[in-house]
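Trainee: The task is to assemble the complex, starting from two chains supplied on their own in separate frames and drawing on the hints.
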Amino acid sequence: MTQYTYGTALREGFRHLLANHKDVFAIGQGLWSPWYVGSSMKDLDKEFGKDRVIDTPVSEAATTGLAAGSGLCNYRPIVIHPRMDFMVLAADPMVNQAAKWSHMLGGQAHPAVTIRGIINRGGQQGAQHSQALHSWYAHIPGLKVVMPATVADARDLLIASTLCDDPVLFIDDRWLYDQTDELPDSKDVSLHDIKPQVLREGSEITLVGAGHATLLNLKAAEMLKQGGLDAEVIDLRVINPLEYDTVVESVKKTGRLLVTDGSWETCGLAGEIIAGATERVPLNHFKCNPVRMSLPHAPAPTSGPLEEVYYYNEEDIVQRVHDMMNGRVKAKGPSSFEMTL
Amino acid sequence: MFTETLELGKLADPAEFREKLNIAGEDPTLLKEELRMMTLIRKAEEKIGDMINEGQIQCPCHLTIGQEAIAAGVARHLRKTDRAFGTHRSHGHYLAPGNSVHGLFAEILGKATGCSKGMGGSMHLYGGESGFVGSVPIVAGTVSMAVGGGLAAKMDNKQENGKNSWDVGVTYFGDGAAEEGSVHESLNFASVFKIPVLFVCENNLFSSHLHINYRQSNDLVSRFAMAHNVNYRVVDGNDVVAVAKATKELLDVARAGEGPGFLEVVTYRWRGHVGPREDIDVGLKRGEELQHWKLRDPIKRLFEALEAEGHMSEKDFAALNEDVATEVNKAWEQAEKDPYPETSQLLTAVYATPKGGH
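In order, the protein sequence lines correspond to chains Y and D.
Residue 63 is where the first sequence starts when you use this note's numbering, and the numbers rise one by one after that.
Residue 78 is where the second sequence starts when you use this note's numbering, and the numbers rise one by one after that.
Note that these hints are calculated values from the structure, not bench results.
Ideal Cβ positions, reconstructed from N, Cα and C, are used throughout, including at glycine.
Where hints are given, some of them may not hold.
Sample of chain Y residues with no beta-carbon within 12 Å of chain D, all distances over it, derived [claimed, not checked]:
| hint | residue |
| --- | --- |
| 1 | Trp97 |
| 2 | Gly100 |
| 3 | Pro358 |
| 4 | Val380 |
Cross-link-like lysine to aspartate or glutamate pairs, in silico, EDC-like; alpha carbons within 16 Å at most [what the hints assert, rightly or not]:
| hint | chain 1 | residue 1 | chain 2 | residue 2 |
| --- | --- | --- | --- | --- |
| 5 | D | Lys271 | Y | Asp113 |
| 6 | D | Lys124 | D | Glu355 |
| 7 | Y | Lys349 | Y | Glu311 |
| 8 | Y | Lys281 | Y | Asp378 |
| 9 | Y | Lys104 | Y | Asp117 |
| 10 | D | Lys271 | Y | Asp117 |
| 11 | D | Lys157 | D | Glu206 |
| 12 | D | Lys377 | D | Glu96 |
| 13 | Y | Lys84 | D | Asp233 |
Here chain D stands alone, though its shape is the one from the complex (with noise of 0.2 Å):
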């Protein structure tokens, strides 16, 4: 419905998307675990914030508090034999099919522990049991991988009654990404080859300090998936519910062996570029539009449809709020006390052969 002008219209607007989620004929219980997915992710950055700003965290974070309802949305219809690859903002995307918020904390703390062993910080996760084989900030540099995890799904050929059900490469990137050549060749190929790829844009108007309409012709980025004949979805990236839905339509398509998928989910973050700062005074358009996203919430509108249906209360929010609250606390002190890598570390990990030798 967007498609004739090229623009995203009100999906851009933040003064539509108000008002609490249509979730009728969603299983509430799934609604639940995605409501207290996106608090923990949100409550893990704000403590990631909060850390930064005691100078207990040194390595750059760039949170995505606000934009949670992507990564829970899409997440739920993974699996994890698919090969999903992120970006320098993949805190959400790495917790969100299931990695502990530990392995996150303690990766940013450069620690042992941490998921990437200490060897990654906050740009450079890994998640690879869960599905979530790697997060790396070069902008658009993980999305022609992505294309590459679904020519090995598509050679893996898997099958289910009779039928093609491939596992899928799920690339997330953003709408500057969009303005990077690859992206494009990446696009071409995935369509002609007939890739089980799920590109997943989300465009939160911004790169960096610079907002879309400086940088693009049109704000709608899925011009690109039409121009490469690419199934593509734009939906209101606040919507945990549209988000999934969107999701299993694309990948319906492209686990049938029937091509890729594009989804443009259009969101706006509320922190800065990097770090806790909300940056109001960075770049144009900013200052005046957050106030009125924050009212686009992903996580209220969803707990309002639950709680307009009967299946939470404000209590129970309060509640899960609190538990959130404790797991991430408790995170946090585990990994703090946790040990450094050994500095051997530095050169044994540069290749997967003992010691860099032959």
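Bound conformation, chain Y alone (with noise of 0.2 Å):
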């Protein structure tokens, strides 16, 4: 077993796949630097050269597009965006064409690509260096979406994206990467076996998230348990295509859900976990309404007081469900926006 940071796990994702397998190289803006991915790929192209940890000039639709290519010419290329506010700039490679090859092709072709986006956000950084858009792209069949929340899956999850034969958004969070763990050795993982996990049981509600939300879930199921209530907390890992036996399942046991997502409510995902839930699990089940929790409707703000305001922590989690135990969660107004800050 070796200890590691979620950082440093992502690390060692990076050295298996390019020790292990001659057709993955990675690709992408700073990567000869120390400044832009952190301890997560410190001194790989020192490791396995600069022709296979490639640093681009600041193009990131050709560089998705040319991974894309590259992806249906027998590499497994990972692409990395720094920050995913400007990975938008790669959204015709990613979504009209990587998503799209198989099918139109007749599933013929298919770009072995990862994308990993960088949700990098606080600092006062503001409204074009912190957005979590994963609801975005969880949207486009034929492009998968994986968000790991744990060290374990930091680096498994990796792995197993650039693997897979499909296109792949692999999305972390810098808010993550304090995290440790003891991890045995690494090995090939197969993105077929990647399901949404319990990663803490419970009786008497359901929290779902997924990447930073998940660990919000789990310090907020850590208080609830010292106030002597048991929340179970489920975490998505792959959050297209969307799996929902694990939280039917659960909220069957607990009858309560409450879903937090770390981007905006309106078409987002925690509305979507409800909606899949709401479908499936028979209504006399639950015992309230299901709640979600995301940011409020604006961009992220550059003021430190409105951050603060801004970001919900596990204090407003556990906050929420006493609300729900208590049946103190009213219906909500007709506009969606409406905020609860």
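Mentor: The structure is reproduced here in structure tokens:
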């Protein structure tokens, strides 16, 4: 067993892939710099050469497009976007190209490309340096979307995504990097085997999230435990295609569902999980209305006090759980702009 | 020779380049094969045009009639292990490396026997075995992907007699695509990393209805290759010999690992942006120009050269045309009879992995 942080576990995933799979290469902005991707790719260029760990011009669209092209020609590139906001410039190669080629060419061409988009927020960085756009991309058939929350998944989902023949968007979050854990030696992992997992068992309420939301849910569950409340925490891991069985089984047991999401509410992941669960769980199992927690319907602010209000924390989740347990959750009004701060 | 002014000059003048091709030193057998291929592309597309008019084809088709020499000339120097990417107007790019006309027709009809199993239609063609990786209609969408095909080939590092003999990426695109940002990103990347890729810019002077003079400051698209230090050639795209010669010069450099090439081939499409109409009432200039451009016919000029050198007679050419027409008609009849895909294919082709599961 070896001690890792989330960040060094990511690096171990890259190391495993580059050492064991000749068809893997990494490409993106900042890969030869210590600034962009922190501990997650440190010195990989020195270990595996600058031909396989490629730093690029400031060209998100072409870099992602050429990785999709290489992925059609027997390679398994990983494109790195150190901030997901800039990845928006690469929407065409992801949404129109990589996601579509298999279907529109009759299942004969599969771009085996992994796109790593990093959520990097807080620190008063503001609207264009803070976005979590996973729900956008999870909308697209053909593009798999994974969000590792744990140290083990940081490594293993990167390996699974890269070895998958389909295009995969792999989203990690800088707010997860300081977690630590002990992991066994790395090995090849298949994305087929990755399903939502119960990270903490409980009987009174189900907390569902992905990525950083899962970390908040775990912290909240620990606080709830102190108060004698038993919360089950489910980490989604893969948000496209979505698999509902784990959530459904849990909600049947607990009768209460709270979904937390690190992004906006409208057409978002939290709403999707609640919709999927209510379609599958008989209504008489629900002890109260399902609830979602997401960001206010506004871009991220820069001013410190506003930013503090903008991002909810584990204490806010605990409060919302208590509201649900005590029947204090009221029906919402008609406007989606109505926000709770 | 056209570089000083950054303009196409007489290459864009339909009164020029009407004479028979110069085929001195060329292999007549090869030229006859290319004449047949160009005729096949034209007759296949004429058939498609007729079938649209008859209401047999519903899916949008962008015809390349008038531009056949480009696909044929470039394909002369491509390997099956190269990686060519096409556009919305790629019937010719698909057929030239030897893909079947039946596969094209069946695809356009949405049949299971189509080259993309009936999932693509005219704008999404697959010919992987021939080196034609695929075509898609997002303008400039495949330019960077072909650079990726070239990067993969660079990593493959194919050698012959101790020297680089790299496979190449090829991207076909139009003058309109050159107005998209990712083309410039792609040229820059390919240049900096010495990617073996051939950028084939089919400059037919029009993007949809709009003439290049209304879209760009100069009509010579190669000025963008100059800006990125990419080797370039500008030739008459209706001259298969000139296209093939320039292709070879650029590919020799790319295969040796010395950098990408940019081939600007000046041409004109005889039909409208989409569908079988000539669209002479659409856009500016086209009405007066088209009749002149038809005199710069790439097929006629090649035949006249072969005839003048004694390699082919009028009778031979008539027989070739009849033979191709028979092939085209047979392919169409078969495609019409073929079955549609199973409805289950709607979901099974989304992911490489079965059922979209994990």
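Trainee: Determine for every hint whether it applies to the structure shown.
Mentor: Hint check:
Look at tryptophan 97/Y: its CB is around 21 Å from the nearest CB on chain D, clear of 12 Å, so calling it non-interface holds up. With a minimum CB-CB distance of about 25 Å to chain D, glycine 100/Y clears the 12 Å threshold, and the non-interface call stands. Chain D leaves proline 358/Y outside its interface by the beta-carbon criterion, the shortest separation being 33 Å against a cut-off of 12 Å. Look at valine 380/Y: its CB is around 32 Å from the nearest CB on chain D, clear of 12 Å, so calling it non-interface holds up.
Among the hinted pairs, lysine 271/D with aspartate 113/Y is consistent with the structure: their alpha-carbon atoms are about 12 Å apart, no more than 16 Å. Under the criterion of a C-alpha separation no larger than 16 Å, the hint pairing lysine 124/D with glutamate 355/D is consistent with the structure, at around 15 Å. In summary, the hint linking lysine 349/Y to glutamate 311/Y is supported, as the alpha carbons are separated by about 15 Å, within the 16 Å threshold. The suggested pairing of lysine 281/Y with aspartate 378/Y holds, with an alpha-carbon distance near 11 Å, which does not exceed 16 Å.
As the CA atoms of lysine 104/Y and aspartate 117/Y are separated by approximately 13 Å, the hinted pair is consistent with the 16 Å bound. Between lysine 271/D and aspartate 117/Y the alpha-carbon distance is near 15 Å, which keeps this suggested pair within the 16 Å criterion. Annotation: proposed proximity of lysine 157/D to glutamate 206/D holds, straight-line Cα distance about 7 Å (limit 16 Å). Taken as a hint, the lysine 377/D and glutamate 96/D pair is honoured in the structure, with Cα atoms around 9 Å apart against an allowance of 16 Å.
A C-alpha spacing of about 11 Å is found between lysine 84/Y and aspartate 233/D, which places the hinted pair at or below 16 Å, so the restraint holds.
Violated hints: none; the structure is consistent with every hint.
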